[in-house]
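Hey, can you work out the whole structure from these sequences and the hints?
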Amino acid sequence: MLNERHFRYIIILAVCGLIIGTWGMGARLLYGHKYMDYGSFVPWGLWVAFDLFFLGLTAGAYIVTVLVYGFRVKLFAALGPLSVFALLVTLLCEGIIISLDLGHPLRIYRFLLTPNFGSMLFWLVAFIVAMWAIYLPTFYLLLREQLVVWSRDEKRPGQKFFRFLVGGRTAYGEEDRARDHRRVRVLSYISMPIGLLFFGMHGALFAILLNRPLWNGAMTPFLFIMAALLSGGALITFLTYLFHPRDDLVQPLGRIVLGLLATFLFLEALQFFVGYQSQVPNFVTSLNLIAFGPFWWAFWILHLLIGSAIPMYILITQPRNTRAVAWACFLVLITFFAVRLNYLIPDLAVYKLEGLQNTFYSHRLRTDYVPNINEWLVSIWVLSLGLLTFFLGMRWLPVEAAGIEEEEHV
Amino acid sequence: MALAAKELPQEDALVRMQRDLKRALQKKPQDIKWGMVIDIAKCIGCHACTIACVAENKLPPGVVYRVVLEEEVGHYPAVSRRFVPRPCLHCQNPPCTKACPVTATWKTAQGVVIVDYNRCIGCRYCLVACPYSARTSDFAEWYTGGTPDLGGKLVGRKAAANGYEAHPAAEYGQKWPERDHDSPVGNARKCHFCLHRLKVGMLPACTTTCIGRATIFGDRSDPQSLVYEMIGSPRVFRLKEELGTLPAVYYLK
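Chains as they are written, first to last, in the numbering used here: chain A, 1 to 410; chain B, 1 to 253.
Treat the hints with caution; some may be incorrect.
[To be verified] Which chain B residues stay away from chain A? Per the calculated CB distances, all over 12 Å, these: (1) 11; (2) 12; (3) 22; (4) 26; (5) 33; (6) 82; (7) 122; (8) 134; (9) 140; (10) 174; (11) 186; (12) 201; (13) 253.
[Stated by the list, open to error] No farther apart than 25 Å at their CA atoms in a straight line, the calculated lysine-lysine pairs in the DSS-like style are these: (14) B:58 / B:28; (15) A:34 / B:158; (16) B:98 / B:253; (17) B:153 / A:352; (18) B:107 / B:22; (19) B:253 / B:33; (20) B:42 / B:107; (21) B:199 / B:58; (22) A:352 / B:253; (23) B:153 / B:33; (24) A:352 / B:107; (25) A:352 / B:158; (26) B:42 / B:175; (27) A:34 / B:42; (28) B:158 / B:58; (29) B:175 / B:199; (30) B:58 / B:153; (31) B:240 / B:98; (32) B:175 / A:34.
Since the hints were made in silico from the structure, they are not lab data.
Each residue gets a CB set at the ideal place from its N, CA and C atoms; glycine is no exception.
What follows is the structure, given as structure tokens:
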């Protein structure tokens, strides 16, 4: 449950993060990738892991909107606007961090001018754009009624801004509400296949690479879908606890997260089983790096203990304790970044040709990648921006108000 | 002249490759299929090809187009060492070009996989997709980076850089902006068979520098060429053939 004191602490934390992160952002914007530690053998590092993390978090909102507006599950209706807003903020963070990872971010227009329809990355970007195209209008339509109300409130700060947002409209009737919800439903139907393709496409980006045994395979897109649903579900459950701390909302979401966690762990176990049984050297080396490499603790302690075993224990033994369920989901959420990093780096960290490490010395031509302080600072900056945007948005936009009595309009 | 050539016990491979090149350049460009054969038995691991390539293309730190892998084969006492030079293999079914989301890299009609530096967004997906780690990214580093800076035109970092690395090589036959200002910094970079040299009738730098004549280059569609002859050898193999990438760089055991 979020009170004023918590809110203030979060804002202070986010502002501090932005100030501290400015150093890394300065290094990135002034000197490009010069002071970052990824190289040519591990070309994707911390920022791509965060990109995957953010993209996955959007899945929580996807579940909620599909359930509420697609299948008309009234139970979660109050979460509609909140979850869509969370999705937009995570998409924003994703967009920023992946743009910073590009060597030439200003050439992004090339996706339109010279697209390669055979590239999975092109389709991933296309689906990201599609998600924006679906959820930005959804958010507006869900908020419009309250925006009209706020725009009429003479004492409300930013009244002119709200009036601008609603295009000067002063009245909003039953007919408008029905029309807007009808549009939201249509967008939700469209989002069903788009969302699945979007989450699957993350996996496909990796799955098609024949030279990457840890990633290559038909299971990878499915694993990514499950990972996204799990991390996104955990996010939404925790946010629900903060903004709508109702037992009848948090507890069913907790049960969904428990099911997703069990499924994800099963798929992960399958991946290890298949890898070790196949005995493909590069595959085994990658798995060994995950489980017994220098960052073994990220797998065993962060992911399996703090992010899986403890939450699972809590979710099984205390399903009716709303607070415990929410904090279990929080543990899943914050440790899930370790899962993303542990999936991304180990395959890149295996030399693809024997003897490559002895050919030409450069720190860019090594596989022992550890993110440096600049990379962390940039990540902190983006995370802080996301945190600030989300919590200020919750305060300055009628997101909570739009969720009240939403079940009656679904 | 012909008689003199016959009298020689063996014609230098470079002379023959130069002649093959001259003949190839008389063909229509689309009829040429460039290819390379590397005779591992002849490679002595001197790394001259790597250095020549770095010098020819003025490659910055961390960017390398052609490396020489060193492998130890067997167990003591039956141990031997072999050297495997690895340029871009110019796959005929290249996974890297399919990965590029903005069509900044493609295979030309002559079978050379190239990168359009002005189009590349620097996502590095092609680096991840290449099974041979043959692509590197340019992270804007300088060999003269750690040199103390002094005023004047003769000494100091700027003077040193201006004498060499501040001005990129004419890769792909184009003039590139002063280093650090734009591409190829931030781009994926790779071996392009020295297309700028081929255009003016010169063999790739790695080929001319190979002291053991282990690197053979030419038009693999020309039955008279040395490279064509070598590809027909029973010793021929290609790296990671099981991936189906069909490299245009062949190796001789």
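Tested hints:
1. For residue 11 (chain B), the non-interface assignment is confirmed: its Cβ lies about 32 Å from the closest Cβ of chain A, beyond the 12 Å cut-off.
2. Against chain A, the non-interface label of residue 12 (chain B) holds: every CB pair exceeds 12 Å, the least being about 28 Å.
3. No Cβ of chain A approaches the Cβ of residue 22 (chain B) within 12 Å, the least distance being about 33 Å, so the stated non-interface status holds.
4. Taking the minimum C-beta to C-beta distance to chain A, about 33 Å, the non-interface status of residue 26 (chain B) holds against the 12 Å cut.
5. Its beta-carbon lying about 23 Å from the closest one in chain A, residue 33 (chain B) satisfies the requirement of being farther than 12 Å from that chain.
6. Chain A draws residue 82 (chain B) into its interface by the beta-carbon criterion, the shortest separation being 10 Å against a cut-off of 12 Å.
7. With a closest Cβ-Cβ approach of about 2 Å to chain A, residue 122 (chain B) is found to fall inside the 12 Å limit, against its non-interface label.
8. The Cβ of residue 134 (chain B) does not lie farther than 12 Å from every Cβ of chain A; its closest approach is about 9 Å, which violates its non-interface assignment.
9. Listed as outside the interface, residue 140 (chain B) is inconsistent with that label: its C-beta sits roughly 5 Å from the nearest C-beta of chain A, within the 12 Å cut-off.
10. Even its closest Cβ contact with chain A, about 17 Å, leaves residue 174 (chain B) beyond 12 Å, as expected for a residue assigned away from the interface.
11. Annotated as non-interface, residue 186 (chain B) brings its C-beta within 12 Å of a C-beta of chain A; the closest such distance is 3 Å.
12. At roughly 29 Å from the closest C-beta of chain A, the C-beta of residue 201 (chain B) stays outside 12 Å, upholding its exclusion from the interface.
13. Residue-level check passed: residue 253 (chain B) sits 16 Å from the nearest beta carbon of chain A, beyond 12 Å.
14. Our distance criterion of 25 Å between C-alpha atoms is broken by residue 58 (chain B) and residue 28 (chain B), whose separation comes to about 30 Å.
15. Proximity of residue 34 (chain A) to residue 158 (chain B) is assessed by CA-CA distance (about 18 Å); at most 25 Å being required, the pair is judged to hold.
16. For a cut-off of 25 Å, the pair hint linking residue 98 (chain B) to residue 253 (chain B) is broken: about 30 Å separates their Cα positions.
17. Under the criterion of a C-alpha separation no larger than 25 Å, the hint pairing residue 153 (chain B) with residue 352 (chain A) is inconsistent with the structure, at around 44 Å.
18. Restraint check for residue 107 (chain B) and residue 22 (chain B): satisfied, since their Cα atoms lie roughly 23 Å apart, inside the 25 Å limit.
19. For the proposed pair residue 253 (chain B) and residue 33 (chain B), the alpha carbon gap of about 23 Å is at most 25 Å, so the pair holds.
20. For the hint pairing residue 42 (chain B) with residue 107 (chain B), the CA-to-CA distance comes to about 29 Å; that exceeds 25 Å, so the pair is violated.
21. Straight-line distance between C-alpha atoms of residue 199 (chain B) and residue 58 (chain B) comes to about 19 Å, which keeps the hinted pair within the 25 Å bound.
22. At most 25 Å may separate the alpha-carbon atoms for a hinted pair to count; residue 352 (chain A) and residue 253 (chain B) meet this at roughly 20 Å.
23. At most 25 Å may separate the alpha-carbon atoms for a hinted pair to count; residue 153 (chain B) and residue 33 (chain B) exceed this at roughly 46 Å.
24. Restraint check: the Cα-Cα separation between residue 352 (chain A) and residue 107 (chain B) comes to about 22 Å, which is no more than 25 Å; the hinted pair holds.
25. For the suggested pair residue 352 (chain A) and residue 158 (chain B), the alpha carbons sit about 37 Å apart, so the restraint of at most 25 Å is broken.
26. For the suggested pair residue 42 (chain B) and residue 175 (chain B), the alpha carbons sit about 36 Å apart, so the restraint of at most 25 Å is broken.
27. At most 25 Å may separate the alpha-carbon atoms for a hinted pair to count; residue 34 (chain A) and residue 42 (chain B) exceed this at roughly 38 Å.
28. At most 25 Å may separate the alpha-carbon atoms for a hinted pair to count; residue 158 (chain B) and residue 58 (chain B) meet this at roughly 16 Å.
29. At roughly 15 Å between alpha-carbon atoms, residue 175 (chain B) and residue 199 (chain B) fall within 25 Å of each other, so this suggested pair holds.
30. Straight-line distance between C-alpha atoms of residue 58 (chain B) and residue 153 (chain B) comes to about 21 Å, which keeps the hinted pair within the 25 Å bound.
31. Only pairs whose Cα atoms come within 25 Å are accepted, and residue 240 (chain B) paired with residue 98 (chain B) is accepted, the gap being roughly 18 Å.
32. For the suggested pair residue 175 (chain B) and residue 34 (chain A), the alpha carbons sit about 23 Å apart, so the restraint of at most 25 Å is met.
Hints 6, 7, 8, 9, 11, 14, 16, 17, 20, 23, 25, 26, 27, counting from the list given before, are not met by this structure.
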